[in-house]
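Chains as they are written, first to last, in my numbering: chain B, -12 to 158; chain A, 10 to 189.
Far from chain A, some chain B residues (derived; all Cβ distances over 12 Å):
no., residue
1, -12
2, -11
3, -10
4, -9
5, -6
6, 24
With a straight-line cut-off of 20 Å between C-alpha atoms, the simulated SDA-like cross-links for lysine to any residue are:
no., chain 1, residue 1, chain 2, residue 2
7, A, 112, B, 25
8, A, 114, B, 148
9, B, 82, A, 50
10, A, 81, A, 23
11, A, 47, A, 14
12, A, 147, B, 7
13, B, 88, A, 184
14, A, 16, A, 45
15, A, 24, B, 42
16, A, 147, A, 179
17, A, 114, B, 28
18, B, -8, B, 21
19, B, 82, A, 84
If you want the footprint, here are the derived chain B segments under chain A, 3+ residues with CB under 8 Å:
no., region
20, 27 to 37
21, 145 to 152
Bear in mind the hints are in silico, worked out from the structure with no lab data behind them. Model, not experiment: these values are computed from the prediction. Note that beta-carbon positions come from the ideal geometry of N, C-alpha and C, so glycine has one too.
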Amino acid sequence: MILLKFCWILIIVNALTIGGGFVMLPMLQREFVEKYHWLTNQEFVDAIAMGQITPGPLTVMNAFIGYKIYGLTGAIVAMISTYLPCIIIVTIVAKYYYDYKESVIVNSSFRGIKPAVIGLLAAVAISLGKTSLVDPKTFGIAIISFAVIAFTKIDPTFIIIGAGIIGALFL
Amino acid sequence: MTNISLKNIFLVFLKIGSFSFGGVYSMLTFFERELVEKRKWITNEEFIESVALGQMTPGPPIVNTGICIGYKLKKIKGALITTVGQAFTGTVLAILLAIFYTKSKDNPLLGSIMKGVGAAVVGLLLSIIYKMAGKTIKDYKTALFALSAFFALALFKLNPIGLILAAGILGLIVYGRRAR
Chain B
-12 MILLKFCWIL
-2 IIVNALTIGG
8 GFVMLPMLQR
18 EFVEKYHWLT
28 NQEFVDAIAM
38 GQITPGPLTV
48 MNAFIGYKIY
58 GLTGAIVAMI
68 STYLPCIIIV
78 TIVAKYYYDY
88 KESVIVNSSF
98 RGIKPAVIGL
108 LAAVAISLGK
118 TSLVDPKTFG
128 IAIISFAVIA
138 FTKIDPTFII
148 IGAGIIGALF
158 L
Chain A
10 MTNISLKNIF
20 LVFLKIGSFS
30 FGGVYSMLTF
40 FERELVEKRK
50 WITNEEFIES
60 VALGQMTPGP
70 PIVNTGICIG
80 YKLKKIKGAL
90 ITTVGQAFTG
100 TVLAILLAIF
110 YTKSKDNPLL
120 GSIMKGVGAA
130 VVGLLLSIIY
140 KMAGKTIKDY
150 KTALFALSAF
160 FALALFKLNP
170 IGLILAAGIL
180 GLIVYGRRAR
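For reference, chain A alone in the conformation it holds in the complex (with noise of 0.2 Å):
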């Protein structure tokens, strides 16, 4: 078991925000390895917990599953370095393209090549919406939800913040009285 210093859980969490690209699954073995297997200083159970948690609250789950493990290791403070460790590298990266691309603008080749990225992130965002919809739309109620959201902002142009509001409220009075 090495040190539970904030420096090294700084590194631990630099390392997995650096090496993770998209999928959430592959970072959560890099997770799993990493802290409980190498290094023990989470269970296996306060892990699952942890990822159980991230899934639950707001925001992206893998960043809260972090969050929620540098709590246990060092409260408030280990909370805050685990989230600037995941943050670190992909913020650095997102400001250097975010420069290049603001100088290269009108530069003709970067113009092809979003033309190009472009179009993939409308394949990816339809592969998200297939992927939640499998996991998410199990019955009438669940689709008439999905439906009504969808055409509250395609049609409607309804403000989606106050939407997914709304829906939460809906969910409470269709859902709440069963569940007790």
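Isolated chain B (complex conformation) (with noise of 0.2 Å):
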């Protein structure tokens, strides 16, 4: 029964993904952290950034999240549910490309959509940072953290393995 249900949610989440991996952060915290407890918000914290040091999508966070609640039958179920959504849509706007690019009404939903996530995802990054940040050293990485990221051509992948070795030799 968990299973189908952690199935149905990402297969849902996933066809909401509207402008990137990131969008399915809101959805999956409320569903899996707030409303079913089958992860903790660190937990939570702790997938995105598998998600993040692992190479491909980060979407493969999913397979994390699967294998804590479910075990490998878990993880597997997530990487299906996760990816068929993409694979069904895409399949069926690539034959109908010219159409689906001129639709007024994906287009115009769409545009709805896209500042809406923003909106979100500051709301979430506000209740993983009163989870994550909790002494001035950890302010201090997430404001580092920030700026690199956003400042400069580093990959954030570095960052967040050199923010583990801080950790490991000063948390």
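These two chains come separately, so use the hints to put the complex back together.
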């Protein structure tokens, strides 16, 4: 039952992830952490970090979450439910590319969704910040990682790994 | 031009998925070099179209670009194989990390590492918000969409799935008429 619910949530969320992998975070946090308590906020933050340090898309973090909730089966189900909606939608759109590109419905609804997603992400950042930023040191790490990723071309993977090393040494 | 077989498609996308970290643009350059320049499987025009399509469809843009290219090369089989290739290495590593993580959950060193990592993730999220806002929030209407969504989630705890659907419908009402 848990597995079925988990699978269904991922399918819905991925079908609504418009504008990049990070867009799924507010939806996943609500469903997995707040509604079903399958993960703590801390574990959710850790899952994002895992998605970031592994190569390939951030959505790989769903395999990490799936494993935590339901073992290896959970991880495999997570990957299928994450990518199945993409495969179905993209192959249909690829066939009707020019109609889709010019579609008023698609364009105007996306124009509403894209800015809204930024607001949702900001709310999630605050909620995760309450869990992760507990003292001046963690605040400092967050500010430095923000500045480096926002204003330089250094890959976020290195920032996450660097922060892990700093954590091992000083926290 | 190398032979376009399912095996070769899988191998190329496995390579793309294994050596690309975070950054979207570095990955796109990688795609272009492997598929357009080196192997000549698709034309530059098809590549640009696939990138655009990846950004206009729900799901991770890079994966969707890959699915679109796979579909162009070998229909539905190609779409499946590019997805598996791209996600394979990351998934295996994520599962290994998850096994390690669940086993050493109470290890104090892992706790310290994840404390640092967690703080960096918050910084990463802020930088994503900053970059997305720079691209998307251009006038008072887009700012209003973003602020309403923020308060709806942060203060009123409304469901984000419902909020995204609502934003889509509002977008249709606000922008739909003028586009015609």
